[in-house]
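Visitor: The primary structure of each chain is shown beneath.
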Amino acid sequence: MSASFVLEETTAESAGSLTVIRARRPGRWAAGAVVAVLLAMAANALVTNPAWDWPVVAAYLFHPSVLHAVLFTMELTALGIVLGFLLGTVLALMRLSHVPLLASVAWGYVWLFRSVPLILQLLFWYNLAALYKQISFGVPFGPAFFSVGSMDLIGPVTAAALGLALHQAAYAAEIVRGGFLSVDPGQLEAAAALGIPRARQIVRIQLPQAMRSIVPAAGNEIIGLVKGTSVVYIMALPELFYQVQVIYNRNGRVIAMLLVAAIWYLVLTTVLSVGQYYVERRFGRGLARALPPTPVWRVRRVLAVRRAARRRRSAGGGDEER
Amino acid sequence: MSGPMVDVRGVYKSYGSLDVLRGVDLRVEAGEVTVVIGPSGSGKSTLLRSINHLEKIDRGYVTIDGEFVGYRRSGDRLYELKERDILRQRTHIGFVFQNFHLFPHLTVRQNVTEAPLSAQGRPRDQVEALATELLEQVGLSGKAGAYPRQLSGGQQQRVAIARALALRPKVVLFDEPTSALDPELVGEVLEVMKALARGGTTMIVVTHEIGFAREVADTVAFMDAGRIVEQGPPPQVLDRPRHDRTRAFLSKVL
Ligand SMILES: Nc1ncnc2c1ncn2[C@@H]1O[C@H](COP(=O)(O)OP(=O)(O)OP(=O)(O)O)[C@@H](O)[C@H]1O
Ligand SMILES: [Mg+2]
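For the record, the sequence lines run as chains A and B.
Just so you know, the working numbering puts 303 at position 300 of the first sequence, and the rest follows in order with no gaps.
Just so you know, the working numbering puts 125 at position 44 of the second sequence, and the rest follows in order with no gaps.
Chain A extracted, bound-state conformation (with noise of 0.2 Å):
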């Protein structure tokens, strides 16, 4: 802690039996006085104001409809960070790749997937069976071995969670690439020279290192899409916006609804966010010289100084503060 000390008595000889009276700091005591009002006062409006509708809300959060919902969003949430993920790693590497096709093609997939907003391409994919009546697999060019009609393969869902992931993989592609570039080259240097394969000088040596910028950065690309689903209310699918505009159709309750939904989002970003905190610590092992302690440990530290200080003080003033 930074916190600065101010010395009681300077005579160097009691040095040892000094004791440490912390600075005083009026100004932060008038500053937190007058945000706590503040707050006192936004959170009599909320709970006050009949506008709310708390009723409402409390009868339709957990309601099975919403909780579907929230579900149907996390699982577009999911799918669209795992494959977006997936597909901007083999995007980076291409284009971290020195053969100038891949590093190209990565380049393009990028350019073209940042540059169309999201909209456009989830109603693109939505209608795309109307382009393409039949997708066939086979070989290039050649004899298809079978053939799906693209209706029964792209349904609403798919094409959402295709759209999201394609859209995603374009800036994870950036993130993961800013990953690698930002570790250190003789680390590269130093695996090669000791031999180590290729593919697990990637996994082992340089993956884990660009962790380190790749999971902030992820953190809120994560946390943008579990709102970002929302957008899909455009093609009619029940996820966690459209489902609470469904309700205030039907009821008329619209703020109501939409604070479940604000509450359902805070709740997940919350979640996600806290479940960052601790991948983050995961990956800055070894990166410093000590990891930063959780906040539950500092909560725990900061009251027993407050305990310690306590008993010393009962006890009839004690010497030194550590």
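In case anyone wonders, no lab produced these hints; they're calculated from the structure.
Note that beta-carbon positions come from the ideal geometry of N, C-alpha and C, so glycine has one too.
Every beta carbon over 12 Å from chain B, so not counted as near; a handful from chain A, in silico:
| # | residue |
| --- | --- |
| 1 | R27 |
| 2 | V38 |
| 3 | L41 |
| 4 | A46 |
| 5 | A61 |
| 6 | F75 |
| 7 | L90 |
| 8 | N130 |
| 9 | G158 |
| 10 | A239 |
| 11 | A265 |
| 12 | L275 |
| 13 | Q279 |
| 14 | T297 |
| 15 | R301 |
For lysine to any residue, the following SDA-like pairs were computed, each having C-alpha atoms within a straight-line distance of at most 25 Å:
| # | chain 1 | residue 1 | chain 2 | residue 2 |
| --- | --- | --- | --- | --- |
| 16 | B | K163 | A | L104 |
| 17 | B | K251 | B | R279 |
| 18 | B | K163 | A | P200 |
| 19 | B | K224 | A | R207 |
| 20 | B | K251 | A | P200 |
| 21 | B | K163 | A | V206 |
| 22 | B | K137 | A | S100 |
| 23 | B | K137 | A | L191 |
| 24 | B | K137 | B | I167 |
| 25 | B | K275 | B | A111 |
| 26 | B | K251 | B | R190 |
Since chain A is already given, all that's left is putting chain B with the ligands on it; use the hints.
Guide: Chain B with the ligands alone, transformed into the frame defined by chain A:
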């Protein structure tokens, strides 16, 4: 093969229009220590990096224990090897960098065991035992579970030496292993290297530590402007140099 352990013949290397190596010849017998000295920019690092094919040379060749580095010989032709085969060759050549380049996210023990496990596919229990032994040899038994950033520079370099030795290489190349260290940490690294030399490890060491060269080297090679200007036993090169450039360099570093 009963030829030299390391044989560098007529090696040329340029970066664009800059000729860095201009016909280097160097022979190191098994169990010998060769110390390379020379002014900054004379091509010492480039020579070491060419020996384990971190740099591709333009002309000439390098053999380790009779095997061409980076190439396969068939008749009087040299065929470039695939990356996989070059990586396999490098497991015979230890390399210790000026800035250690330890893997910061792996523990000391994992740094040492990584290459023998993944590059050589040796059995884990054998590799773990070897790591224990090597860490003891470099005086770091107590640090096996630490991460590199928790160690001093001298300790990190000793881990890097243990990591290079874990491959059981035929030769170990050192590129200014003590140049990044605080003066009081230089000694501990040099001690480890002296012990290696006494144990019969074949070594090529680029260093500015003339005292080390005098005490440990079988051969000292003085390099200037991409050539080895003169080489021989330490007393000959260090005390009675034949070339003006050697004399001029030594008068600056001694
Ligand atoms: N990748 C590179 N591209 C262009 N020039 C390079 C490259 N690597 C090295 N050089 C140049 O080659 C010359 C020799 O470099 P090298 O690192 O081998 O010198 P050195 O003898 O090891 O010097 P030092 O004692 O400072 O380490 C230098 O002039 C350097 O600038
Ligand atoms: Mg150098």
